[in-house]
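So the sequence lines, in the order shown, correspond to chains F and R.
Under the working numbering, think of the first position of the first sequence as 1, with each following residue one higher.
Under the working numbering, think of the first position of the second sequence as 1001, with each following residue one higher.
Some hints could be false.
Selected chain R positions facing chain F (in silico; Cβ < 10 Å) [claimed, not checked]:
hint, residue
1, Ile-1024
2, Ala-1029
3, Gly-1055
4, Ile-1072
5, Ser-1268
Below, a sample of chain R positions facing chain F; criterion: calculated Cβ distance under 7 Å [to be verified]:
hint, residue
6, Asp-1022
7, Ala-1026
8, Phe-1030
9, Gly-1031
10, Pro-1059
11, Arg-1060
12, Leu-1061
13, Glu-1063
14, Ala-1065
15, Phe-1269
16, Asp-1271
17, Pro-1272
These are computed hints drawn from the structure, not numbers from a lab.
All C-beta atoms in this analysis are idealised placements derived from N, C-alpha and C, irrespective of residue type, glycine included.
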Amino acid sequence: MNSRVLAPFGRRATRITRRDTHGPYVVLSCHDPAGPLPAAGQFYMLAARERWGGGDGERPFLPRAFSVLDAEPHPQGVHLRFLFDDVGPGTHRLCELEVGEELLLVGPLGNGFAPPRDGRRPLLVGGGVGIAPLVIWQRALNFEATALLGFRDRAHAPGASLLPRAAVATDDGSVGHAGLVTELLEAELDRDGDAEVYACGPPAMLEAVRVMCAQRELPGQLALESGMACGFGACFGCVVPTRDGYVRLCVDGPVLEAAVLEAVGLEAVASCR
Amino acid sequence: MPVSFCGLELEHPVINASGTFDAIAAERAFGAALHQRFPFSAYVSKTVTLKPRQGNPPPRLWETAAGLINSIGLPNKGLAGYLSQDLPKLARLPVPLIVNVMGFSREEVGELVMAFSERSEVAALELNVSCPNVETGMLMGADPGEITALLGHVRPLTSKPLIVKLTPNASDVPAVARAAEAAGADAVSLINTLRGMAVDPVTGRPWLGAGTGGVSGPAVRAVALAQVQAVSVAVDVPVVGMGGVQRGRDALDLLLAGATLVAVGTESFRDPAAGGRVAGELAHLRPPMVAAGAGE
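Extracted from the complex, chain F is given alone in its bound form (with noise of 0.2 Å):
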């Protein structure tokens, strides 16, 4: 049901066009010029040419997964943006990056989201770094569906200004709403619930959002992240339990039918940022 787009063969490298930061957050823009324009909820592997370890840790060593947050074509391929969070020595490296430097991708891998069903509204859910997907997928569906974003505090918060008009909440209630965005979630849901949730961020709002949406009987697409060494299918090491077994979240998702989950793990990701 979820949209694929088909990897180019191989790691191929693209340089940085752009660079901006939104708080602490930095967005990357490079040129691809041999990728197909991805699909939303799609990511890519993703590694600087130079230095790509000798960081904390003798690390990184491996690339890392990241959802793309826009994507654009050009004359020749596509210009891509991809949405960090320093927050380990892969992330850290990444946010170094300066215009004219190389990044090494492969991709697009995965799956993407799917188109609500049945004429349901469309309702993105976004917390932290992980609104990154939502930002194409609201491009996507004509910027036309309600944002729903958490942040951690005013520090972060200007996250929220890569998808233009979403509602945001803050954990210390500094900017919008204060507390969860699972509860302006709730307040979008009693008000009209023929909706389809399509949420990316930490493991506990999606677990939230999940168990909402298992208790009004919702659609909900969620886009996961797990330690992933290679983003095709090969190292079977980002697999999450569903309700039929692992599967590998780097070729079966990264974006899962809520319903498949019986929870969303809490399993540390620190090994791959």
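Add chain R to chain F, keeping to what the hints say.
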């Protein structure tokens, strides 16, 4: 740079390490381009066991300095599932198929060997006696007597080439290799991963779901090179060398150490086309004129 290996004529000496490249999943990601630019001269499939296995609980990976630790636990569809679902797809690959099998007893290995022995799609079999993630994997591959008994049971069951994949987690790897050769192995492959562990920075407990796992990547390259050389000296059958190969230069080192073929494993995680790149680089390299250690 064509090469003969156990009666197979291969286009170049670079194959994949078992369990590091799922050609079926890769086709889902890359489509027909995978077959057009298939990176290996033979394809070694992930370990097949008699019964289906879910694999180990996550987390299954930990990134180390220049490598990673995995505790995947050999998830697979089992023999019946492999024969009905995977084999027809893998038979369409543009290169010979080597099937890697593991059993929890000699009888189980024998059943697997017999089942594949009848299949014309299968060019050779690799016996996994070395996976450190599964309790019994250690036993068969760590002891020459165990290998002798295992080969004594399975060698008469097939005329297909049998490759024994050696574990580096043995006290005397060349002795195990000699036992495999004496009992009729057509080739040996090494190294499998080295047993390793990571500590969860938050809880202080082992990070990996299975407690320990196998270390691979450039971090183990020097260990692999030494073991490949020691085994190559000890046996006359061909050796498949692997461990941390990232570049043509690393592959050449293993060939100079005595390997006939070289396998790429972890590097494929970083670049799915790495095998083809390594083969291309290797084709343009010339062995050094002076043996390592001489002169200078």
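Each hint, compared with the structure:
no.: 1; hint: Ile-1024; verdict: 8 Å, holds
no.: 2; hint: Ala-1029; verdict: 4 Å, holds
no.: 3; hint: Gly-1055; verdict: 6 Å, holds
no.: 4; hint: Ile-1072; verdict: 5 Å, holds
no.: 5; hint: Ser-1268; verdict: 6 Å, holds
no.: 6; hint: Asp-1022; verdict: 5 Å, holds
no.: 7; hint: Ala-1026; verdict: 5 Å, holds
no.: 8; hint: Phe-1030; verdict: 4 Å, holds
no.: 9; hint: Gly-1031; verdict: 4 Å, holds
no.: 10; hint: Pro-1059; verdict: 5 Å, holds
no.: 11; hint: Arg-1060; verdict: 5 Å, holds
no.: 12; hint: Leu-1061; verdict: 4 Å, holds
no.: 13; hint: Glu-1063; verdict: 5 Å, holds
no.: 14; hint: Ala-1065; verdict: 3 Å, holds
no.: 15; hint: Phe-1269; verdict: 4 Å, holds
no.: 16; hint: Asp-1271; verdict: 4 Å, holds
no.: 17; hint: Pro-1272; verdict: 6 Å, holds
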